[in-house]
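Peer 1: Now for the letters of each chain:
2 protein chains.
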Amino acid sequence: MESDEANTTNRPAEVDRFPNRDHAIVAQRVQRLFLHLNPPPEFSDAVALVPCAGRAKIDVNTDQLSKYMRGKYRDVQQRVYDYFNSRPELQTPIEISKDEHRELCMRQLMGLVREAGIKPFRYVVEDPAQYFAILEAVGSVDMSLGIKMGVQYSLWGGSVLNLGTKKHRDKYFEGIDNMEYPGCFAMTELHHGSNVQGIQTVATFDPVKDEFIIDTPNDGAIKWWIGNAAVHGKFATVFAKLILPNDIKGASDMGVHAFIVPIRDMKTHIALPGVEIHDCGHKVGLNGVDNGALRFHSVRIPRDNLLNRFGDVSRDGKYTSSLPSINKRFAATLGELVGGRVGLAYSSVGVLKIAVIIAVRYSLLRQQFGPPKQPEISILDYQSQQHKLMPMLASTYAFHFATLHLVNIYSEMKKTHDEQLVGDVHALSAGLKAYVTSYTAKSLSICREACGGHGYAAVNRFGSLRNDHDIFQTFEGDNTVLLQQVAGYLLKQYQEKFRGGTLTVTWNYLRDSMNSYLSQPNPVTARWEGEDHLRDPKFQLDAFRYRTSRLLHSVAVRLRKHSKTLGSFGAWNRCLNHLLTLAESHIESVVLAKFIDAVRSCPDASSRAALKLVCDLYALDRIWNDIGTYRNVDYVAPNKAKAIHKLTEYLSFQVKNVAKELVDAFDLPDYVTRAPIGMQAAEEAYSQYTQYAGF
Amino acid sequence: MESDEANTTNRPAEVDRFPNRDHAIVAQRVQRLFLHLNPPPEFSDAVALVPCAGRAKIDVNTDQLSKYMRGKYRDVQQRVYDYFNSRPELQTPIEISKDEHRELCMRQLMGLVREAGIKPFRYVVEDPAQYFAILEAVGSVDMSLGIKMGVQYSLWGGSVLNLGTKKHRDKYFEGIDNMEYPGCFAMTELHHGSNVQGIQTVATFDPVKDEFIIDTPNDGAIKWWIGNAAVHGKFATVFAKLILPNDIKGASDMGVHAFIVPIRDMKTHIALPGVEIHDCGHKVGLNGVDNGALRFHSVRIPRDNLLNRFGDVSRDGKYTSSLPSINKRFAATLGELVGGRVGLAYSSVGVLKIAVIIAVRYSLLRQQFGPPKQPEISILDYQSQQHKLMPMLASTYAFHFATLHLVNIYSEMKKTHDEQLVGDVHALSAGLKAYVTSYTAKSLSICREACGGHGYAAVNRFGSLRNDHDIFQTFEGDNTVLLQQVAGYLLKQYQEKFRGGTLTVTWNYLRDSMNSYLSQPNPVTARWEGEDHLRDPKFQLDAFRYRTSRLLHSVAVRLRKHSKTLGSFGAWNRCLNHLLTLAESHIESVVLAKFIDAVRSCPDASSRAALKLVCDLYALDRIWNDIGTYRNVDYVAPNKAKAIHKLTEYLSFQVKNVAKELVDAFDLPDYVTRAPIGMQAAEEAYSQYTQYAGF
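Taken in order, these protein sequences are the chains called A and B.
For reference, each letter of the first sequence is one residue, going 531 to 1225 in my numbering.
For reference, each letter of the second sequence is one residue, going 531 to 1225 in my numbering.
Keep in mind the hints are simulated off the structure, nothing from the lab.
As the structure is a computational prediction, the values presented were derived from the model and not from experiment.
A portion of the hints provided could be inaccurate.
Each pair may be met inside one copy or between any two copies, as identical chains are not told apart.
[Unchecked claim] Once the Cα atoms are required to be at most 30 Å apart in a straight line, the calculated DSBU-like pairs of lysine-lysine come out as:
(1) LYS739 to LYS764
(2) LYS972 to LYS628
(3) LYS1172 to LYS1068
(4) LYS1190 to LYS972
(5) LYS1176 to LYS972
(6) LYS1027 to LYS1172
(7) LYS1124 to LYS1172
(8) LYS697 to LYS771
(9) LYS1091 to LYS1172
(10) LYS1172 to LYS972
(11) LYS739 to LYS696
(12) LYS1091 to LYS1027
(13) LYS903 to LYS1022
(14) LYS1094 to LYS587
Throw the hints in and build the complete structure from the sequences for me.
Peer 2: So, in structure tokens, the structure goes:
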């Protein structure tokens, strides 16, 4: 092991992202050059390790594919759809004022819980996969409703369940479950979002009255963006620095803790004394959620209101905790909130599905221009439209399987509390949340643009989907911050590897093959350009993982170098773009691996062939998008780069041929997608649309 | 010349985008290899052809820079700003219903014309630069107002002036100018947007009554998205196929012509008989504009209402035109509408400026995390935030100069009607409109995300800017279609070149140096990596132009090849992505050239240094974004790629150091940018923001 580590330390600058090729590799290059001149014939065709779909048009059985895609909680989703479909008065109109939207959203949530009998709270801990399925379905009815439900059950409810103890569960479960206790999650402050440890609200223990006193010391500490606060909330879980009076020093800051603070009178609904509540006002989207701002003026709460799972204060003001330090307790506290990210990644794919369904169906319907004296052709017949939408359709499938995997390991973790799984879920939820929500946000704009003028009609949904989804990139962890967490975990794993330790599940590939990935690219395979080779999952995965491993190794070297002069914070910042690329690359590796697994596990042959086609497009499009990196390290020779590009365009064309079946397989009925231009029966689309305008 | 052409025809596949390197270049490669081993020292430092800013922090005099940036029509813009600033009741509130917004927008326009005395119509033909300046200023008050003004004066008014003759001007000028004749531009139909020649509305001449009869033959021909139609319009310029009764064949279709059709009664404002008007309803943005749908049921209009500049019908039903064919007349008709694209490109930069100002100022203000035990740092101090915003700031400057250039040549064209200039303005307006609006659309989302939660508050403007601007990518020509026009013009120029003909102004570089750009990259300069070399405008321009020339040549070869089997339509579609890349590459070349000119022409040394810094970032960031293409043809060696990447990050850091001054130089007062988090005086930003929420 030590020799390994020494090796790393001494690795010259050539392992950096864009290596100064040094003299040592010249021999290889000369060899490559001559290979180039006289390629042995067997290399040109490559080895077909796995049979691929070939060039015939695939016959997709939508029912079979749909059955494979559909999660085991489809029934409860259907109940959600049916309920809202049967209550037109609960459907959100195209135009609605903020205040009306908030009231409607509350009625929708009440209807769901009290009338449709769908009570999500019990699933938050017991069956999270079911909870996320409900969340996704509710979000496709109106994303404001999804978020309002998430605030109530994941955030406010989840904080009580996960950060509190039995006394809290006994006291609050019923009221949270049946919506008698609508509540808030008051973490973010005006001046602090990502840096939660920097929040300034204080909770000072008063041993005389056995109470905590909650205070907002300055305007920067006003709790901001608090969902349910502006109108409906009765309680808030308030995150504040716990201050204990201390004979010697005056007071001790015990770090961030969570406290249940009643904010409105249970009967009159008037704000309680000392609780100042304002409305954060109109937002870009999600205006059905009543975000508010809270300022506390010496608000007193009983000692029991400390959510005391990870740290407690006794009657005489002594602090006890099973965890040794402020940082460990902080990590444990925030760690319990990871479920929110899982839900966002999962729901983001749900949004992406709706948008892709609408854009693909309209692109098949819409005709514009054509060959001289012939009928106009569908706009999806244009290469440019395929380029915009087919890799996006492939990514939607890829993310579907990846987030399903995340939900499964999260559920497993909730059952077993296995420590490796905890780390894995942590990093993967951070990474997938960031990666998927950024991708969906960009895609929503592309879909609108790809649907031209009719995509700009509010009734066709791209506007509200984009505006509502936009903040997915920010809340529950800013994407740029989350990706850094992923990079941090990867670096930790990297160090473990060289210490001979074990690695968590998702990045087995780092353990298995770091060395091979770090060797010089093979000049022979770098030139292989046969379709069988390019569509071989081994080539694809190797390429993704090579990139990740190389980025990881090179950033580790750079960080070490810069730390000496800039300190660790400065070195991190100097390498920040590199670290973000590394994190994205890792997430892409995981997504591809899960997609390949899903293709292999598909029992129906025709569905498997369709998924293989889509998976190949996903993989090759990603490689092509980053072709500069592959070229810079000669992992891919120019002829291979060209072949990848050509094949990507060809696969886009092939996927286009089954695009209708592929979006139908998402199995979302018209009353969920709702856009007239995206109706399943193409012949009704325009007439539905003109009827909407009053014709 | 013929030998040139023969040369091209015989050029082997290696000139394609990703060349199969052939044996002929092996000698070069071996030479490169050995150069790599022993680089002569003089190559490492490169030749400093132009002195560059160096590594010291630049001292920017905002006033001087602002003076240079400010157009000569700043005064009229200031009058617009002042007028609306003095009329709080005319300012658009954060939340407003569609119907109220439409009425307010109309009041704003009336106020501008009748109270502030700013009458844009006279400038549409006489002084377009002044017109565009007003349009930009009005758009920053409320983009709906900008578009409503554009509908009235550029589209409805512009069609009367440009497609009509003196009789139309005499009859309508005054009413259009003073808003007594609010009007529409009824071109787009439900089934036809981009393909204007495919529209189906008909205007049949009735020689008995000396009238045209306007008819909507089917639902697909309903005029759709017609601004001013749903509520305010009295007239519409209707585009329809002119049908002339013909003794022999029954009837002749003379192609698309424009007709003035009164749609509402001048007194009662009720829809006239046979004119069916519906509301297109709520849109993603621009809800202050009343877009409607029009169906015509045998609506009769006098023969005089044909806008007859390019084709006329006599009393006895004979057709006359100075232009020989339907296609020529159609081209002339659409050609007159090019001003709309100029205005959109220009206004899009205005939107980008507002967004960049807000995002940069907030990123300087906002602090989050920091080195251990030290104060938190500004988020713009993070490399990732610089990466998001600094190339965007550089692009804003680049687009400012490019669109100013476009406005100038458009004005020149309107005066001289010089034919070369017409072609140039046509392609450049199409290309810049497409390129700039796509860039701005993406940037608005990046800015929102970069500003985190507070970027999601509606009051901070990213939402409305994005929603309003979104359709800039579609109207006045779908961006994907417009880029194809650019590619088409380039191919035409390419063929001209080989026939020895002249080229229009903007692509002189193609004439001057197509041959040198098409030669093999120089293996020596491909390795130069010195800062002076990379910041040399010659290197930058050469790289941009090399790429364009290569893409142009290779797509011409591919088109010729595929035409044989697929026909010209099929070949075009097979090469479509390639053609779009070519068009974008050309536009980038023009933008860079204009930016370099603007740097050189700047009289103030400190401003010139700042602009040079920004221009270098613009150029190198673009090269880096497309590094795969450069690597694939060995235009840039790996060491140079790495140097470009490092320098781009370093220049982003340097631009960050003067980012405040650079956004201040856009010279937009707080009451125009309006976002609390983007206030010029940073110390007031948070307090303005909390006051807005009621604190």
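Peer 1: Could you figure out if LYS697 and LYS771 sit no more than 30 Å apart (CA to CA) within one copy, between two copies, both or neither?
Peer 2: within (22 Å within a copy, 78 Å between copies)
Peer 1: At most 30 Å between C-alpha atoms: does LYS739 with LYS696 qualify within a copy, between copies, both, or neither?
Peer 2: Within one copy only: 23 Å inside, 90 Å across.
Peer 1: Within a copy, between copies, both or neither: where do LYS1091 and LYS1027 come within 30 Å Cα-Cα?
Peer 2: Intra 20 Å, inter 53 Å, cutoff 30 Å: intra-copy only.
Peer 1: Measure nothing new, just compare the shortest in-copy and cross-copy C-alpha distances for LYS972 and LYS628 to 30 Å and report within, between, both or neither.
Peer 2: both (25 Å within a copy, 27 Å between copies)
Peer 1: First find the shortest C-alpha distance between LYS1190 and LYS972 inside one copy, then the shortest across copies, and answer within, between, both or neither for a cut-off of 30 Å.
Peer 2: both (22 Å within a copy, 28 Å between copies)
Peer 1: Should LYS1124 paired with LYS1172 be assigned to within, between, both, or neither, using CA atoms and 30 Å as the limit?
Peer 2: Within one copy only: 27 Å inside, 33 Å across.
Peer 1: Please sort LYS739 with LYS764 into within, between, both or neither, judging by C-alpha distance up to 30 Å.
Peer 2: within (23 Å within a copy, 75 Å between copies)
Peer 1: Measure nothing new, just compare the shortest in-copy and cross-copy C-alpha distances for LYS1172 and LYS1068 to 30 Å and report within, between, both or neither.
Peer 2: Both. Shortest intra-copy (20 Å) and inter-copy (29 Å) distances satisfy the 30 Å Cα cut-off.
Peer 1: Within, between, both or neither: how does the pair LYS1094, LYS587 come out at a Cα-Cα threshold of 30 Å?
Peer 2: Only across copies: LYS1094 and LYS587 sit 24 Å apart there, 58 Å inside one copy, limit 30 Å.
Peer 1: Cα distance capped at 30 Å. Does LYS1172 pair with LYS972 within a copy, between copies, both, or neither?
Peer 2: both (26 Å within a copy, 28 Å between copies)
Peer 1: Pop the pair LYS1027 and LYS1172 into one bin, within, between, both or neither, using alpha-carbon distances up to 30 Å.
Peer 2: between (36 Å within a copy, 28 Å between copies)
Peer 1: Is it within a copy, between copies, both, or neither that the alpha carbon of LYS1091 lies no farther than 30 Å from that of LYS1172?
Peer 2: between (36 Å within a copy, 17 Å between copies)
This entry satisfies every hint, going by the numbered hints stated previously.
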